[in-house]
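Student: Based on these hints, arrange chain L on the given structure of chain Z.
As they're listed, the protein sequences go chains Z and L. Residue numbers for the first sequence follow the working numbering, beginning at 1 and rising by one. Residue numbers for the second sequence follow the working numbering, beginning at 1 and rising by one.
Think of the hints as simulated: they come from the structure by calculation, not from any bench. Please note: incorrect hints may appear among the correct ones.
Since the list gives no way to pick one copy over another, a pair counts as held whenever it fits inside one copy or between any two copies.
Claimed, not checked - With a straight-line cut-off of 30 Å between C-alpha atoms, the simulated DSSO-like cross-links for lysine-lysine are: (1) Lys343 - Lys445; (2) Lys445 - Lys246; (3) Lys246 - Lys343; (4) Lys445 - Lys244; (5) Lys253 - Lys445; (6) Lys244 - Lys394; (7) Lys293 - Lys343; (8) Lys38 - Lys343; (9) Lys253 - Lys38; (10) Lys343 - Lys253; (11) Lys334 - Lys244; (12) Lys38 - Lys293; (13) Lys293 - Lys253; (14) Lys148 - Lys343; (15) Lys334 - Lys389; (16) Lys394 - Lys148; (17) Lys148 - Lys253.
No experiment lies behind these values; they were computed from the predicted model shown.
So the chains spell out like this:
Protein chains: 2
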Amino acid sequence: MNPLSSPLLADLYQFTMLQTYLEQDMQQTAVFELFMRKLPPGRNFLVAAGLEQALEFLENLTFSTEELEWLASRFPPHVIHYLEQFRFQGDVHALPEGTIFFPNEPVLRITAPMPQAQLVESRIINLLHFETLIASKAARSVLIAPDKQLVDFGMRRAHGAEAGLLAARASYLAGFSGTATVLAGTLYDIPIFGTMAHAFIQAHDDESQAFEHFARSHPDNTTLLIDTYDTEAGAHKVVALANKLKIDNIIIKGVRLDSGDLAQHARNVRRILDDGGLCDVTIFASGNLDEYKLQTLLTARAPIDGFGIGTALDVSNDAPALDCAYKLQEFAGKPRRKRSEGKATWPGRKQVYRMFSRDGCICGDTVALEDGDPQQGTPLLQPFMHAGKRLRPKPSLHALRQQTLMHYQSLPTTMMTMDCADNYPVAISTTLQALAAQLDREQLKRDQ
Amino acid sequence: MNPLSSPLLADLYQFTMLQTYLEQDMQQTAVFELFMRKLPPGRNFLVAAGLEQALEFLENLTFSTEELEWLASRFPPHVIHYLEQFRFQGDVHALPEGTIFFPNEPVLRITAPMPQAQLVESRIINLLHFETLIASKAARSVLIAPDKQLVDFGMRRAHGAEAGLLAARASYLAGFSGTATVLAGTLYDIPIFGTMAHAFIQAHDDESQAFEHFARSHPDNTTLLIDTYDTEAGAHKVVALANKLKIDNIIIKGVRLDSGDLAQHARNVRRILDDGGLCDVTIFASGNLDEYKLQTLLTARAPIDGFGIGTALDVSNDAPALDCAYKLQEFAGKPRRKRSEGKATWPGRKQVYRMFSRDGCICGDTVALEDGDPQQGTPLLQPFMHAGKRLRPKPSLHALRQQTLMHYQSLPTTMMTMDCADNYPVAISTTLQALAAQLDREQLKRDQ
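Isolated chain Z (complex conformation) (with noise of 0.2 Å):
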């Protein structure tokens, strides 16, 4: 069983609520979307990602025999019955992956018999969440550092394998350069870069003598970790060993910065490697990085060609959840309204309208119904998936990434910034207010 695709995934009340929809024959279409409800603190919009796991996932949902085994000593026997046959052949409507969005808009739209939209809820969430989390952090450094090369450093300290996998494909996605962890680079064709442990220098009783042995087993490859000991130090040796390594035509190709005063240490460094002839080596950074310090960094001219990022964006420290939900807003052809206090949602199957300016920038959303509720803009949820099948091929996260990449031109320079921009303007329409009004009444009634 591999877990990472297991049914199981799922909360426990996914199987109570679907005997009951069985024992009831509640198996009308239930329409169900996924939103955010608000915006992290600082973030001025969010990058959507993941939905080609969600896709993956709902297309290869079945149910093993050692699973229908161990649910059969929970389950009637006309649950399981239900879930031997069990495919997914409901509709998907989704923004396309790095499409940028704004609370209240639906990122993901599933239309399915009941027990099928319900029973997939936990497993969707989880993993739209959590890329879509990685490449929205992720994409700050891309737009405040385009120019630079920037690295995902963080599985070590992922929340587990599937974070560090999947934070190295959101962050490819919009917009990183690569990442350092292997089997990412093999499952999802991402660029892996990597250099050298401390341990590395450590195990050798010379810094110059690990330099050595590292780049005559790398001889078209090496970046050496100078900070072990002494970084201007170890800058030193690499000039000496640079012109050493020159007869057997074994090139130096940068150095690692990993501690201390960064912006500081690379102007040391940049002069010392400069000085020694060594104008082409480059300077990479790491070390508990951020968006934030590497706002610093580049605020202060830093001579620092690429930054290795990593538990801040594999983690999400400033953020390391989204306030996200997963709502019924149709059943059996009635639109659905949820009136908890603070968690009322707006009921019906809706579209998201996107407006741009002249010069090309987005300029403000309206979510309306998305039948008799015409809008003027550009509609962004698209159909991915009908009856359980997909509409079109898997894109190429290459692809993807581009598209992400020219996204970010149509944002506003405000937006782009670290600074927190003025409210984007993501309208309701009157429709749909009108609606939501409705349903209130006829509850309200209900209650009476």
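Tutor: Positioned in the frame of chain Z, the structure of chain L alone reads:
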């Protein structure tokens, strides 16, 4: 290929370094220790977790044909040949899961030929870091609410599938009652809990009808979600329904509140239930809870019997990562020390000794060299694996949980609360300090 056990779950530099280690015949024994550099703000201690998953990873580490083929496109044949035969053959010492520990104390030590010990770095950190993060977070809720039912509700917003599963395991280990995640129940034998979603209520035209349908499907285990429209109105419907269902011997076990002022709603609902003769119906609360909100509800004496804690637990929202490191402390028989600014390590193979006061509370630890540096107190690191083989059978998670609850009893009361206690004393033995100073002097001499 199961991505969760793939040896490619590594950083690229682990393979580039491995190549050089092989080419330079640096296969002598390396000793790496995993430790935390500091506590997250506001925390008094950490709880070790994840060892079982780390041991499983090491035990089963082999390269598949597919993985070797991928590597062969990037690494020379002698590296591939080495990896074809690869088995982890090292020793593992660790703090047993559930042990309370502090910064600078090794949580795990790996003693193995250098290429092996370096190769496993990232996944070992990834597993121990995350489960320790979650167990340490969960412990806070358990300690302030020891008599309440605490259930992990967080899978949907956990960072990927493995995070959801391991968060369920780590929080149960730390004293939670169980999880909502079905797969975690099957994989780790954790009790699972579930109620119903708002969608279930919304799918019915009538809330009472929804309650009745659910209760008839689950006559002996019904917890009804009563906040979809109006919490107190929901409670009155439960009273009416309970009387109706009594005839059929159907008992309503509990109600769940998920929004609004939980303390006030709980008091209102308790009164409505009690007035309706439903004194045995429990109240379960959920909705963006964390240990701080839990504390507020407990202080307010809200009549709530159990809590579903989701996102805040599974992402450790106030501290989504720990500052941890896996560092080389000895190689080829010689102690090693990293001196990078702000990141210097304590060299050598170490043991942690713990002292207890007369009342059985922990009162101070000493980090010392394992050999020739005897200290008072109980040694905490224990051997778990020798030459790649486990030294003891896999413990049940339930037994580990019992052990963890025992450890809590040794915490001074000041450390059990949510307030910051005085720093717990962790001494570095004079012999270890002297060794570090000696290595610094030697390094300085080499740099001159």
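Student: Checking each numbered hint in turn, tell me which of them this model violates, lowest number first.
Tutor: 3, 6 and 9
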